[in-house]
Amino acid sequence: SQTIHQWPATLVQPVGSPLSLECTVEGTSNPNLYWYRQAAGRGLQLLFYSVGIGQISSEVPQNLSASRPQDRQFILSSKKLLLSDSGFYLCAWGGSPYNEQFFGPGTRLTVL
Amino acid sequence: LAKTTQPISMDSYEGQEVNITCSHNNIATNDYITWYQQFPSQGPRFIIQGYKTKVTNEVASLFIPADRKSSTLSLPRVSLSDTAVYYCLVGGTAYSGAGSYQLTFGKGTKLSVIP
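Protein sequence lines correspond, in order, to chains A and B.
Under this note's numbering, think of the first position of the first sequence as 3, with each following residue one higher.
Under this note's numbering, think of the first position of the second sequence as 982, with each following residue one higher.
Read the hints as simulated data drawn from the structure, not as lab findings.
Be careful, since some hints might not be right.
To be verified - Label-pair distances were calculated between CB atoms; the ranges are: (1) D992(B) x L84(A): 34 to 42 Å; (2) P1096(B) x S22(A): 37 to 45 Å; (3) T112(A) x S990(B): 45 to 53 Å.
Glycine included, C-beta positions come from ideal geometry on N, C-alpha and C.
Taking the hints into account, I'd like the entire structure generated from these sequences.
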């Protein structure tokens, strides 16, 4: 069966510090991978989408970047965090976002 | 992209059937309707998807009228564990390049099941 992992589960970082969140998927090959963010009081927003190694699409302008160094590994990064980057970050795999997607446990990021 | 409108919250007693309606007046011909459930501090979980008429699975039913401008998620005999936020998404399944999804789940409908 397929499983999706994210780490860390929680993270507190100062403004201006770098960020690296990791997501890995097991039990499937060449999955479409997604990064979402859910800010406090706001909806879940799609940030990045990847159809394969090295192929990243950014869905919204932002302070973050994503990379996919391996087939089942998806990384979310930032060189300098902003207060507005705080939120709940979710990785997902599956088909189109409008089809069935499978979400990871998430990372709660607080930028102080 | 089709905009969706859902009630912000709903209350229901255990054992009752719950119907959550989503309005999507500008749904496109190739758009599907998908519902997710989300518990606090967890990622959303897929519930059901449909294109037209009625779809039923082991946890819910989805009713879509002929004009497809709305849809209703029906949860039979809810229990306390069904307390969650329910999201309605409307969109196509084809990806046409960066920025084509512009997907936001929105705030959904917060369902509270009362004992």
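Verification of the hints:
For D992(B) and L84(A), the hinted distance range of 34 to 42 Å is satisfied, since their beta carbons lie about 38 Å from each other. For P1096(B) and S22(A), the hinted distance range of 37 to 45 Å is satisfied, since their beta carbons lie about 44 Å from each other. Between T112(A) and S990(B) the beta carbon distance is about 27 Å. The supplied range of 45 to 53 Å is therefore violated.
Hint compliance for this structure: hint 3 alone is broken.
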